[in-house]
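A.B. asks: Chains as they are written, first to last, in the working numbering: chain Y, 182 to 399; chain Z, 182 to 399; chain V, 182 to 399.
No wet-lab data here; the hints were simulated from the structure. As the structure is a prediction and not an experimental result, all values here were calculated from the model. One or more hints might be untrue.
Stated by the list, open to error - Chain V regions said to be covered by chain Y (calculated; three or more residues, Cβ under 8 Å):
1. 212-221
2. 290-300
3. 320-327
Unchecked claim - Counterexamples of contact, computed for chain V against chain Z with all Cβ distances above 10 Å:
4. S186
5. V191
6. A252
7. H265
8. L349
9. S352
10. Y376
Claimed, not checked - Per label pair, the in silico range of CB-to-CB distance:
11. Y:R212 - Z:S352: 55 to 61 Å
12. V:R212 - Z:N356: 39 to 45 Å
13. Z:W354 - V:P300: 29 to 35 Å
14. Y:R351 - V:R212: 51 to 57 Å
15. V:P266 - Y:L259: 41 to 47 Å
All C-beta atoms, glycine included, are put in the ideal place defined by N, C-alpha and C.
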Amino acid sequence: MESTSVALLVGDLTGVAVFAASGGSAAVGKRLDIFGVVFVGFVAALGGGILRDLVINQVPPLAFANWLYPATAITASLAVFWLHPHLDRLRRTVYGLDAAGLGLFTVTSTLKALDAGVPAFGACLLGMLTGIGGGLIRDLLLGEIPVVLRREIYAVASLLGAIVVAGLARSGWGNAATYTAAALLVFVVRITALYRHWSAPRPRLNAGATPGGRTGAP
Amino acid sequence: MESTSVALLVGDLTGVAVFAASGGSAAVGKRLDIFGVVFVGFVAALGGGILRDLVINQVPPLAFANWLYPATAITASLAVFWLHPHLDRLRRTVYGLDAAGLGLFTVTSTLKALDAGVPAFGACLLGMLTGIGGGLIRDLLLGEIPVVLRREIYAVASLLGAIVVAGLARSGWGNAATYTAAALLVFVVRITALYRHWSAPRPRLNAGATPGGRTGAP
Amino acid sequence: MESTSVALLVGDLTGVAVFAASGGSAAVGKRLDIFGVVFVGFVAALGGGILRDLVINQVPPLAFANWLYPATAITASLAVFWLHPHLDRLRRTVYGLDAAGLGLFTVTSTLKALDAGVPAFGACLLGMLTGIGGGLIRDLLLGEIPVVLRREIYAVASLLGAIVVAGLARSGWGNAATYTAAALLVFVVRITALYRHWSAPRPRLNAGATPGGRTGAP
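Required output: the full structure, derived from the provided sequences and hints.
C.D. replies: In structure tokens:
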């Protein structure tokens, strides 16, 4: 039990570090100052988890209750700020870690939501939102349409993992080994999608659709 | 009592479906992929309600606690994704449903806030924020200044309805019939504003004002 | 005791008014309508505090529970809407008030977080986020990369004040006088940075860094 929760904490903090590095390097690309780089890294790493904790009424959220979380995010962002000229060579490593973080966050968040009494359907959504939420806020802060909404099988990999976790928990097959396998599944789907350039379908657009695209807007 | 809460649920879910369709069609117009369309639809339909539930400490929020809410939002978004070339002809219908959703969300949210012990002034604000919140987040996700901040009597219609609801509740005149009338009032004001091109006043700008517009920014 | 809490309320409401004026004048610069100006002013003044109250489980947040808060924000925004042609001459005053608001919000929010049992590290982060949060949401609503992430020692002044407050509270030296001094410290650092054009360091960019800036993005 003890070793499980240590493993979870290590996994969680690895995810935090990786997502902070992803946010920090996007902020460096926009020429933000050192504070901006750290802030975007912080939000990318912890924003999704803060929303999750508010939704399941775990207050104050871990990002404020446990100093290891913000300290990890800040350290990783600062590392990117100083080391970024060398990051190019690390591109594959970063992609791999990012996919690992996505898997870990999806699994731990879905489990936390189930533990808090959220029904399975909502817990899956929340697990996925936690996984993708940080990257989404990162892109909003940097003035871009979130890349997760435009490209690739990122969110879908996360949702798949969340559904597997909820299924395991309900069927009684849930344990450290099977949950780790679910995190691995997210990782493998994400990495495969990346290397095979899988993409979700886009809407067919015809001449009439462009003006119609805003019909529902108030 | 039973039939009232069924009526409320049906009204709520209708509002969810309509706002999801509005978000989804805006996302189609931006050429997001199928996941992006569903995500923007989901957030447009449920984002305002999630914020409201967090504010009144109804956790987990309905969007996660009752699967009917996300299922409705996702179905409506998928429908838009597949059907959008035909949506042009539905423009009037969509505007009408959107106004109906605004009325329903405003009334139910104001009532929920009052029930949770929020004072009347705050409950009106929260009712309006729930009504306009989804469209606001939708526009932020799509990289635009929220249209509700720029044009038309959209938020004002909602606020008016919320004030009427709070007045009814305080005076003891509140019941299913009068609350429905308040939702109708929002609907009628919104539709009239649309057809008569009513607009809220804009600031007068003179030569000196443009640089001054940012004086307060940090 | 009584007079302390009155002083805190007056300080808080002054901060609300000033931040609302800052949000409102930015919205005027973007030519939003009267509702948009009030809305952006409202969010700039109260958005950070709403997030803080959700995080420390003070529900409903003050912005909805105490009508003085929204009434102050709305009045200040309306004042900007009507008076903005004369605001140019007030630029220095506005900067000064904005810095005073930053100091007040930082100190009161850090104290509230500590009172709610948030550990010191998290309380400092939350105090700073409340101070800068309103301006951040204001810029997001107006479609800009938040200025606080790009320029000047704004957030750093706030963080410094929050750390001082946490240190005072822990060491037992905390009282109305020392907390006021902490707010003054934020004010002085912010104003000095403004007049001396201090800036936080930016990342060094070389030819290889630009494409690498997004390596971590999903």
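A.B. asks: With d taken as the least Cβ-Cβ distance between H265 (chain V) and chain Z, does d exceed 10 Å?
C.D. replies: violated, 6 Å
A.B. asks: Taking 29 to 35 Å as the hint, is the beta-carbon distance of W354 (chain Z) and P300 (chain V) inside that range?
C.D. replies: violated, 49 Å
A.B. asks: Should the hint that R212 (chain Y) and S352 (chain Z) are 55 to 61 Å apart at their CB atoms be regarded as holding?
C.D. replies: Since R212 (chain Y) and S352 (chain Z) have Cβ atoms about 57 Å apart, the given range 55 to 61 Å holds.
A.B. asks: Holds or violated: 41 to 47 Å for the Cβ distance of P266 (chain V) and L259 (chain Y)?
C.D. replies: This hint holds: roughly 45 Å between Cβ atoms.
A.B. asks: Could you check that no beta carbon of chain Z comes within 10 Å of the beta carbon of S186 (chain V)?
C.D. replies: Per Cβ check, S186 (chain V) is outside 10 Å of chain Z; nearest 19 Å; holds.
A.B. asks: Is S352 (chain V) truly not at the interface, in the sense that its beta carbon sits beyond 10 Å from all beta carbons of chain Z?
C.D. replies: holds, 30 Å
A.B. asks: Are at least 3 residues of the segment 212-221 of chain V within less than 8 Å of chain Y when you compare beta carbons?
C.D. replies: violated (count 0)
A.B. asks: Counting residues of the segment 320-327 of chain V with a beta carbon closer than 8 Å to any beta carbon of chain Y, are there 3 or more?
C.D. replies: It holds, with 5 qualifying residues against the three required.
A.B. asks: Evaluate the condition: distance from the CB of L349 (chain V) to the nearest CB of chain Z exceeds 10 Å.
C.D. replies: At roughly 25 Å from the nearest Cβ of chain Z, L349 (chain V) sits farther out than 10 Å, so the non-interface label holds.
A.B. asks: Under 8 Å between beta-carbons, do enough residues of the segment 290-300 of chain V, three at least, approach chain Y for the coverage claim to hold?
C.D. replies: Held - the segment 290-300 of chain V has 5 residues with a Cβ nearer than 8 Å to chain Y, which meets the minimum of three.
A.B. asks: Evaluate the condition: distance from the CB of A252 (chain V) to the nearest CB of chain Z exceeds 10 Å.
C.D. replies: violated, 7 Å
A.B. asks: Far enough from chain Z: is every CB of that chain over 10 Å from the CB of Y376 (chain V)?
C.D. replies: Given that every Cβ of chain Z is farther than 10 Å from that of Y376 (chain V), nearest at about 14 Å, it holds.
Going down the numbered hints, you'll see the structure goes against 1, 6, 7, 13, while the others check out.
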